[in-house]
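Colleague: Keeping their order, the protein sequence lines are chains A and B. Numbering-wise, the working numbering puts 224 at position 224 of the first sequence, and it's gapless, one number per residue. Position in the second sequence (from 1) plus 303 gives the number in the working numbering.
Some clues are possibly wrong.
[Said to hold, decoys possible] Pulled a few chain A residues facing chain B out of the computed Cβ check, cut under 7 Å:
1. 35
2. 36
3. 42
4. 108
5. 115
6. 118
7. 152
8. 182
9. 183
10. 189
11. 195
12. 225
13. 239
14. 255
15. 260
In short, the hints are calculated from the structure, not lab data. Even glycine gets a Cβ: it sits at the ideal position worked out from N, Cα and C.
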Amino acid sequence: MPEMTSKDKKQPNRGGRDGILSDHVETISASLINSRDLIMPNYRGRVVVAPVSKNDNLRNGSSNVESQSALKKTCVTEAISIGRAGVMISGEEQDSILSVDNSKCIMCGRCQLSYPELFKMESQFATPARSKSEMIVNSPDAEPGDTSRKSYEKVGGDLREKIKKIFGRSLAIREVDAGSCNGCEVEITALNNAIYDIERFGIHFVASPRHADVLMVTGPASRNMEIALETTYKATPDPKIVIAVGACACSGGIFGDTYATTGGIDKVVPVDVYIPGCPPRPQALLYGLFLAVDRLDGLNKNT
Amino acid sequence: MNDHLTLISQQLGERLVQSIHQENQNEIHVILRTPEDTGTVCSFLYQSLGYRLVTMVCSDERENEECFVIRYVFEPGAERQSEQEPQDIFVLVIAKIPQSADPKFPSLVSVIPGASVYEREIREMFGLIPVGNPDTRPLVLHEQWPEGAYPLRKEFDIKTKVARDKVKHQNYLTVEGEGICEIPVGPVHAGIIEPGHFRFSIMGENIVNLETRLFYTHKGVEKLAESMTLENALLLSERISGDEAVANSMAYCQAMEKIANVRIPNKAMRTRSICAEMERIYNHLGTLAGISTDLGFAYGSSRLNILKERMMQLNEKIAGSRILFGVNKIGGVGIDILRHAEELQTSSISIRKDFDKVISMLRSKSSVIDRLRRTGIITKKVAADLQTVGIAARCTGIDVDTRRDHPYAAYREITVSGRGETPKQRMAHRVEMQQRQGDAMARFDVRVVETIDSLAIIQELSARLGKDDDTLVLPGITERLEPFGNALGYAESHRGQTLHWLMIGKDTNSIFRYKVRTASFCNWPAIENAVLNDIVPDFPLINKSLDLSYSGNDL
Numbered sequence: 001m002p003e004m005t006s007k008d009k010k011q012p013n014r015g016g017r018d019g020i021l022s023d024h025v026e027t028i029s030a031s032l033i034n035s036r037d038l039i040m041p042n043y044r045g046r047v048v049v050a051p052v053s054k055n056d057n058l059r060n061g062s063s064n065v066e067s068q069s070a071l072k073k074t075c076v077t078e079a080i081s082i083g084r085a086g087v088m089i090s091g092e093e094q095d096s097i098l099s100v101d102n103s104k105c106i107m108c109g110r111c112q113l114s115y116p117e118l119f120k121m122e123s124q125f126a127t128p129a130r131s132k133s134e135m136i137v138n139s140p141d142a143e144p145g146d147t148s149r150k151s152y153e154k155v156g157g158d159l160r161e162k163i164k165k166i167f168g169r170s171l172a173i174r175e176v177d178a179g180s181c182n183g184c185e186v187e188i189t190a191l192n193n194a195i196y197d198i199e200r201f202g203i204h205f206v207a208s209p210r211h212a213d214v215l216m217v218t219g220p221a222s223r224n225m226e227i228a229l230e231t232t233y234k235a236t237p238d239p240k241i242v243i244a245v246g247a248c249a250c251s252g253g254i255f256g257d258t259y260a261t262t263g264g265i266d267k268v269v270p271v272d273v274y275i276p277g278c279p280p281r282p283q284a285l286l287y288g289l290f291l292a293v294d295r296l297d298g299l300n301k302n303t
Numbered sequence: 304m305n306d307h308l309t310l311i312s313q314q315l316g317e318r319l320v321q322s323i324h325q326e327n328q329n330e331i332h333v334i335l336r337t338p339e340d341t342g343t344v345c346s347f348l349y350q351s352l353g354y355r356l357v358t359m360v361c362s363d364e365r366e367n368e369e370c371f372v373i374r375y376v377f378e379p380g381a382e383r384q385s386e387q388e389p390q391d392i393f394v395l396v397i398a399k400i401p402q403s404a405d406p407k408f409p410s411l412v413s414v415i416p417g418a419s420v421y422e423r424e425i426r427e428m429f430g431l432i433p434v435g436n437p438d439t440r441p442l443v444l445h446e447q448w449p450e451g452a453y454p455l456r457k458e459f460d461i462k463t464k465v466a467r468d469k470v471k472h473q474n475y476l477t478v479e480g481e482g483i484c485e486i487p488v489g490p491v492h493a494g495i496i497e498p499g500h501f502r503f504s505i506m507g508e509n510i511v512n513l514e515t516r517l518f519y520t521h522k523g524v525e526k527l528a529e530s531m532t533l534e535n536a537l538l539l540s541e542r543i544s545g546d547e548a549v550a551n552s553m554a555y556c557q558a559m560e561k562i563a564n565v566r567i568p569n570k571a572m573r574t575r576s577i578c579a580e581m582e583r584i585y586n587h588l589g590t591l592a593g594i595s596t597d598l599g600f601a602y603g604s605s606r607l608n609i610l611k612e613r614m615m616q617l618n619e620k621i622a623g624s625r626i627l628f629g630v631n632k633i634g635g636v637g638i639d640i641l642r643h644a645e646e647l648q649t650s651s652i653s654i655r656k657d658f659d660k661v662i663s664m665l666r667s668k669s670s671v672i673d674r675l676r677r678t679g680i681i682t683k684k685v686a687a688d689l690q691t692v693g694i695a696a697r698c699t700g701i702d703v704d705t706r707r708d709h710p711y712a713a714y715r716e717i718t719v720s721g722r723g724e725t726p727k728q729r730m731a732h733r734v735e736m737q738q739r740q741g742d743a744m745a746r747f748d749v750r751v752v753e754t755i756d757s758l759a760i761i762q763e764l765s766a767r768l769g770k771d772d773d774t775l776v777l778p779g780i781t782e783r784l785e786p787f788g789n790a791l792g793y794a795e796s797h798r799g800q801t802l803h804w805l806m807i808g809k810d811t812n813s814i815f816r817y818k819v820r821t822a823s824f825c826n827w828p829a830i831e832n833a834v835l836n837d838i839v840p841d842f843p844l845i846n847k848s849l850d851l852s853y854s855g856n857d858l
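Whenever a hint applies, use it, and build me the whole structure from the sequences.
Modeller: Laid out in structure tokens, this is it:
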């Protein structure tokens, strides 16, 4: 069964020169390290809505009730909404305006397929935010995405400085799965791999909420996890920060609000930072952590 | 196919069977006269013919048929599959349970122990009582769920917020005696993993008994699907278990394509298989890395995780998603990977090269081998009784692989592990199968072999991509669906067989019933046996070596 080549048999690898201390096992290259910031052009990161002038067929809202409801129905998580008349954009009054709620969007790209003139998928990931209202985007330039365009290294470096300043020690995170599909866990795990290597920024995942400063919670908060999530929250010492990771944790996502789910973890515990995405990529997670620590900084100043 | 049909109909006769016929290419439907005969018919299939029970599907058809219907799905057992040519059939034994105040059905547990979890699930979700199943503990809905609310009955509204009943405690089997103590673990665990509760009874460090309690991530997937359109449920099927997105959505699409009786374009089939193998590879790499972490060898794990990250970046390049969301579409695929064919070739070669080095390095460390060998043994008998599937079964010598036994997508045109071409290769495979020990070492080794196989499959298939025309999706499938048409979709995820039974609703863009059974549902019960006589510190290792999904189990 094990496929040992004849070469392996002759020269068993037993540590020493060819073992643990050498780079005999070549699995990493410079290009891979640089790939931390590389996002493929076809990555479905976030939806941007077309500039309002193009929304012509949505103007005169009253005559278009049917097409409006068809448009809303393209979105499985009801992330698309059509605003009422009277909204001001760039000093101009609009008849109707489209918006996408990033806390609900699962980045399936179906809106772009059905209405290519109105929606466009961008490879830039949706920006984490401190409140749900910040996550509703209605024009391409409305999203405050500048900070997230900083490199992974830069965000991580800033984060390390902040953590050092506030805590004088490293930051401890407890991850809680409150019913996720495990997609978010795949990405959170990736933060710990040698490419993203979050520990070098002074951030580490701990085994107990009692050691944690931050709770990273995934999943729509299933009914069966509700009590466990509350208990975990109570076990975490103050001041604490809760981060909702992924569309499910932010809003219930595709699982919504049903007999088995609660429709977002903020129904169970107070949330400080929301990280959109399905699942959010490691860069988005790191940026979400940056916001969280920034908030903790604010909390400390107030007390 | 035909000889199975004749054999079954001759043996069972008209006394038991109302009708028996072939449907959806590879399904034999056996409709029983009365549900009381379920035991007789199922034990004939299981004991005399050596079939395996692969799922039990209950549906609430009181509106049209005035009864609940339970479909017991069997497939030919591993012994039959490896001795002869693979037999691509599923036998569905269909029992109609008449509507009454307290509907009942006969339990199969005395013959097929693996039926127990299905029966408990049906009891809770539909309120049908399995007569003769001694295990009456709640499974899915936990103890605060009140009596009399059955989520999968049609009259239950999905938005119902059921008030929490008074707290009753789960009955765990307790072990008593001097020096015995209990360790409760979870549902919130120490690592970045999904929630589940484990209760160990230990004597010193040795595990005397383990009780698992899952379904913390139950999200009502099956009920939710009934309120969705076919397109939307595809997105849901991808999120049954995030790391099995391709396998689950493929099984869902295939069920629908079977109902519509269509064949999707060649290029779509190859794309599906390639993506399914990429999914298998990145997950196997992750599991092997996890095994390395849990046995305390961080170096091996970080090397393997680098390879996993490389695969995930490749995933993103071809599919626009690091975990391959959005690959499948009803009637085909949503991505064109032809332009990446060359990169798939070169990447699979370079990953293979690095992978071989890491693995031979791991194998050279005696501390690695010592921890794995004879740890977490699942015997062949236990695996067979519990209807274990996938890697967990193959590691005990039960040779089942849906890709080979029920070829789908592009697996008809390639040689999947164990389907040797010459008699010598086939014999060598059988001998090798018999030598598998069912321990963590076997699960490590088999994963390594399958990762290498998958890389070879990607190479083989991506070389053929250019030969096909450019059609990616066969349009108009939803128009070809009949109300209440139903079929079984299936795929082999990296964990094992995933089975999706789909029944279209009255409106053909809706779902009447969507029953999902992932490999994890079959394999979780085996872990309680695997840990016996091992020590507590080996539990994470054993758990990781089985690589089970909580979300795929809990739905």
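Colleague: Go through the numbered hints given earlier and state which of them the structure violates, listing their numbers in rising order.
Modeller: 2, 5, 6, 7, 13
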